[in-house]
Amino acid sequence: MAQRRVRAPPPSLFRRRLSVLLLALFSSLLSLAFLHICASVLRRANDLGRRCLANPSVFSDISTSAMARTLKIAMVSLSQEEISDGVGRPKRRRSFRGVMAAVGGNKRAYAARMGYDFVDAHDLVDPGRPPSWSKIVAVRSQLPSHDWVFWNDADTVVTNPDISLENILGAVIGQADFETSPDLVVTEDVNGINAGVFFVRRSKWSENFLETWWNLTSFVQFGSTKSGDNDALKYLIRNLSSHELRSHVRISSMQCLFNSYLWYPSWKSVHQLIFSSRAVWRGLFHALID
96 MAQRRVRAPP
106 PSLFRRRLSV
116 LLLALFSSLL
126 SLAFLHICAS
136 VLRRANDLGR
146 RCLANPSVFS
156 DISTSAMART
166 LKIAMVSLSQ
176 EEISDGVGRP
186 KRRRSFRGVM
196 AAVGGNKRAY
206 AARMGYDFVD
216 AHDLVDPGRP
226 PSWSKIVAVR
236 SQLPSHDWVF
246 WNDADTVVTN
256 PDISLENILG
266 AVIGQADFET
276 SPDLVVTEDV
286 NGINAGVFFV
296 RRSKWSENFL
306 ETWWNLTSFV
316 QFGSTKSGDN
326 DALKYLIRNL
336 SSHELRSHVR
346 ISSMQCLFNS
356 YLWYPSWKSV
366 HQLIFSSRAV
376 WRGLFHALID
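Using my numbering, read the sequence shown as starting at 96 and increasing by one per residue.
I should point out that these hints are in silico values taken from the structure, not numbers from a laboratory. Owing to the predicted nature of the structure, the values given are computational and were not obtained by experimental measurement. Warning: the hint list may mix true and false statements.
The list that follows gives simulated cross-link-like pairs (lysine to any residue, SDA-like), each with its CA atoms no further than 25 Å apart [unchecked claim]:
id	residue 1	residue 2
1	Lys299	Leu357
2	Lys329	Leu357
3	Lys321	His338
4	Lys167	Ser313
5	Lys167	Val198
6	Lys321	Arg341
7	Lys329	Ile288
8	Lys321	Ala197
9	Lys321	Ala271
10	Lys167	Pro222
11	Lys321	Gly210
12	Lys167	Arg112
13	Lys167	Ala204
14	Lys321	Pro222
15	Lys167	Lys321
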């Protein structure tokens, strides 16, 4: 029986395949090296001249700080296990199940060390809206009994427990008296004002501001990624008069002061690293030290 001989590919085809393979290997190694360099630079950013905490020596001794002795501060957070669809039924596309259990110990330990009240306000979640809107309710519930309320989303952690909230406030607003301090302290990222972490001072202005924010119901969204509360906050701040903005709101010039995102390699983070270098330098990302 005759057998058909299989012809070997021509040498030129082998060379082309080898070239493609070597190019892919080189590109992979180059990408890994680039990501390693990025993480290294982020870890050493402060050594390279970045200053997240302005004039740290002024606020370093919190035990003798008048602000630390007199202010009563609450750290407030919440997490709902399931996302509501707007009529009380859970949506399965997105879940925060186990988030507070994973990070609650970190927050509580920091609050206990610094003498703050930690409040898990999960019982205040309004089922008629995405749960992130309930941060407004949670903050309002603590304002009457605290000088400052520090809101922090459930998916945040304290990465430097040696820096107090008084230090952070002092770096943004200076050593102003409580009664003359601004009422809202926030940060910006590449998308503008971020509602994930912020400070609110006990005042009539703050009460009115939070009520107005809550009443911006046209911004409420039900979806897998956006809830609308952040857009509502940006709209509200953007429409303040210049006088009211100067008097009541402070936007930290450095995001790394208290609201950086954990660096991890992804197309999005690499794109931001390359094309949003100013935001990156201001602290868009935080790289954990090995």
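Going through the hints against the structure:
{"no.": "1", "hint": "Lys299 <-> Leu357", "result": "violated (35 Å)"}
{"no.": "2", "hint": "Lys329 <-> Leu357", "result": "holds (23 Å)"}
{"no.": "3", "hint": "Lys321 <-> His338", "result": "violated (31 Å)"}
{"no.": "4", "hint": "Lys167 <-> Ser313", "result": "violated (34 Å)"}
{"no.": "5", "hint": "Lys167 <-> Val198", "result": "holds (23 Å)"}
{"no.": "6", "hint": "Lys321 <-> Arg341", "result": "violated (29 Å)"}
{"no.": "7", "hint": "Lys329 <-> Ile288", "result": "holds (6 Å)"}
{"no.": "8", "hint": "Lys321 <-> Ala197", "result": "holds (23 Å)"}
{"no.": "9", "hint": "Lys321 <-> Ala271", "result": "violated (36 Å)"}
{"no.": "10", "hint": "Lys167 <-> Pro222", "result": "violated (30 Å)"}
{"no.": "11", "hint": "Lys321 <-> Gly210", "result": "violated (34 Å)"}
{"no.": "12", "hint": "Lys167 <-> Arg112", "result": "violated (68 Å)"}
{"no.": "13", "hint": "Lys167 <-> Ala204", "result": "holds (17 Å)"}
{"no.": "14", "hint": "Lys321 <-> Pro222", "result": "holds (16 Å)"}
{"no.": "15", "hint": "Lys167 <-> Lys321", "result": "violated (33 Å)"}
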